[in-house]
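S.K.: Modelling step: build the complete structure from the supplied sequences, incorporating the hints.
Protein sequences appear in the order of chains A and B.
Residue numbers 1 to 83, in the working numbering, belong to the letters of the first sequence in order.
Residue numbers 84 to 470, in the working numbering, belong to the letters of the second sequence in order.
Rather than coming from a laboratory, the hints here were simulated on the basis of the structure.
Idealized CB from N, CA, C, for every residue including glycine.
Treat each hint with caution, since some may be false.
Listed below are several chain B residues computed to face chain A (Cβ distance under 8 Å; list not exhaustive) [said to hold, decoys possible]:
| hint | residue |
| --- | --- |
| 1 | Y86 |
| 2 | E89 |
| 3 | F235 |
| 4 | P287 |
| 5 | H289 |
| 6 | T292 |
| 7 | T333 |
| 8 | L419 |
| 9 | W422 |
Straight-line C-alpha distance at most 30 Å; calculated DSBU-like pairs for lysine-lysine [to be verified]:
| hint | chain 1 | residue 1 | chain 2 | residue 2 |
| --- | --- | --- | --- | --- |
| 10 | B | K85 | B | K119 |
| 11 | A | K69 | B | K138 |
| 12 | A | K69 | B | K124 |
| 13 | B | K138 | B | K101 |
| 14 | B | K356 | B | K195 |
| 15 | B | K119 | A | K69 |
| 16 | A | K69 | B | K85 |
| 17 | B | K124 | B | K101 |
| 18 | B | K101 | B | K119 |
| 19 | B | K85 | B | K138 |
| 20 | B | K124 | B | K425 |
| 21 | B | K138 | B | K356 |
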Amino acid sequence: MCLGVPGQIVEITDTTRQLAIVEISGVRRPVNIACIVDEDHPPEACVGDWVLVHVGFALNRLDEQEAQKTLALFDQLAAYEIR
Amino acid sequence: MKYVDEFRDPQKAQGLLKDIHRLSQAVIDRRAASQKEQPIKLMEVCGGHTHAIFKYGLEAILPDAIELIHGPGCPVCVMPKGRLDDAIAIAEHPDVIFTTFGDAMRVPGSQKSLLQARAEGADIRMVYSPLDALQIARETPEKSVVFFAIGFETTAPSTALTVLQAAAERVENFSLFANHVLVIPALLALLQNPDLQLDGFLAPGHVSTVIGTVPYQFIADQYHKPVVVSGFEPLDILQSIWMALRQLATGRRQVENQYSRLAQPAGNPVGLKAINQVFEVRPEFAWRGLGMIPQSGLKLRADYARFDAELQFSLPNLTVPDHRACQCGEILKGALKPWQCKVFGTACRPETPIGACMVSSEGACAAYYRYGRHSAATQVPVAPGRQ
Ligand code: SF4
Chain A
1 MCLGVPGQIV
11 EITDTTRQLA
21 IVEISGVRRP
31 VNIACIVDED
41 HPPEACVGDW
51 VLVHVGFALN
61 RLDEQEAQKT
71 LALFDQLAAY
81 EIR
Chain B
84 MKYVDEFRDP
94 QKAQGLLKDI
104 HRLSQAVIDR
114 RAASQKEQPI
124 KLMEVCGGHT
134 HAIFKYGLEA
144 ILPDAIELIH
154 GPGCPVCVMP
164 KGRLDDAIAI
174 AEHPDVIFTT
184 FGDAMRVPGS
194 QKSLLQARAE
204 GADIRMVYSP
214 LDALQIARET
224 PEKSVVFFAI
234 GFETTAPSTA
244 LTVLQAAAER
254 VENFSLFANH
264 VLVIPALLAL
274 LQNPDLQLDG
284 FLAPGHVSTV
294 IGTVPYQFIA
304 DQYHKPVVVS
314 GFEPLDILQS
324 IWMALRQLAT
334 GRRQVENQYS
344 RLAQPAGNPV
354 GLKAINQVFE
364 VRPEFAWRGL
374 GMIPQSGLKL
384 RADYARFDAE
394 LQFSLPNLTV
404 PDHRACQCGE
414 ILKGALKPWQ
424 CKVFGTACRP
434 ETPIGACMVS
444 SEGACAAYYR
454 YGRHSAATQV
464 PVAPGRQ
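M.R.: Structure, rendered in structure tokens:
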């Protein structure tokens, strides 16, 4: 129920209803982006953003820097083991 | 970055796992002599975590000293039978198109499931999003289209935004049967139960994306247990366990956020605002297995009463006891494991479910059944001291 899948916004289709097309592992789906739009992020600026999609809504934007930090920690721990 | 495969790389798990083994020993070492045989009990609150744990075989690679306790984070599992009977009563109304997520279709009510009601002629349609239900309402103005709104805070913003959309467009034939539930009151109820001795929590990542990480603070402050907000990929879960162990090994008690790529401390302001605009908290709500929990469910506010199916239809509204054999309640509290239920895998199987925990894609019984955990064999935790 609480599952979500990451996808990338490829197109804004309806700015009033805040609908976009999101590509999720090669499949394009209409997704409501109301939850990730604000003054700093008008709909047009959202193209290219990675979001987590849950029941047809983008729940939040994925933060690449934070993701890299998490991945870097795994490498660090692995390197620590080898030493 | 695809945000999936990177977090499934078994190579990357190696360092993490070694440190998990080291830390779990350190946690046991800190304990009083009489406590050393006790497993380190971590509850993964969300059923999505439970399934990932089994899908990737994480239990098998963790130290025996760690016991994962499966929590109540499965909205379909915690819905009492009476509410399901109410949903079926609405669905069987001749003027109604009843729309629902697939998860709820096979959950047994006291007489039948939605699937059986559909076979008997009710117009019940599976939808992927509440927006699909709204679209059906736009296309069939002569019918009353009811959406079965279930789910935790993850799903509530979507339902709320759909209601706001319906209000803006004046779609009059759309309504909700609202059954949204809240995670924090359920955790509080679990923490107040003296029987359940937990060492820490992996908090649900997607719920936290909406509510943020701050609402868990009371667990660290008042109950002195670590909380780690966790993602759903195998490396996320391992890292979260590692973070909880690090706290336990050093005596820290904090709310930490493993899922920082998605969940922020303040949550999602737009989602929260939509929830608050459309819904209010019910004084209490019945949970299957956990009983009545104060302030734990959402209903539509008076301003949106015209979208409230509960007010439009006369409902049986009965409290229906669960099947006598079903231990779903104990399983949702983390007190029993599915294989301890007498009918698990025999009378109760996914094709012939007796309880909701066997049907929902997030139920613990379904996970154990699907991934072949039919006995205690690999389950009994042995403290390292005994090996
Ligand atoms: S196995 Fe079936 S009857 Fe037993 S607790 Fe699980 S869902 Fe209930």
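S.K.: So, for every hint listed, does it hold in this structure?
M.R.: Going through the hints against the structure:
1. Y86: For Y86(B), the interface hint holds, since the closest Cβ of chain A sits about 4 Å away, which is under 8 Å.
2. E89: holds, 6 Å
3. F235: Where the cut-off is 8 Å and the nearest Cβ of chain A is about 6 Å from F235(B), the hint holds.
4. P287: Interface hint status for P287(B): holds (6 Å vs cutoff 8 Å).
5. H289: Where the cut-off is 8 Å and the nearest Cβ of chain A is about 5 Å from H289(B), the hint holds.
6. T292: Holds - the Cβ of T292(B) comes within 8 Å of chain A, reaching about 5 Å at its closest.
7. T333: violated, 17 Å
8. L419: violated, 22 Å
9. W422: violated, 24 Å
10. K85(B) <-> K119(B): violated, 42 Å
11. K69(A) <-> K138(B): Between K69(A) and K138(B) the Cα gap is close to 25 Å, so the pair holds against 30 Å.
12. K69(A) <-> K124(B): Holds, at roughly 28 Å.
13. K138(B) <-> K101(B): Judged against 30 Å, a Cα distance of about 21 Å means the pair holds.
14. K356(B) <-> K195(B): violated, 37 Å
15. K119(B) <-> K69(A): violated, 35 Å
16. K69(A) <-> K85(B): holds, 15 Å
17. K124(B) <-> K101(B): holds, 19 Å
18. K101(B) <-> K119(B): Roughly 20 Å separates the two Cα atoms, so the pair holds.
19. K85(B) <-> K138(B): OK: K85(B) and K138(B) at ~20 Å, within 30 Å.
20. K124(B) <-> K425(B): At roughly 24 Å apart (the allowed maximum being 30 Å), K425(B) and K124(B) satisfy the hint.
21. K138(B) <-> K356(B): violated, 35 Å
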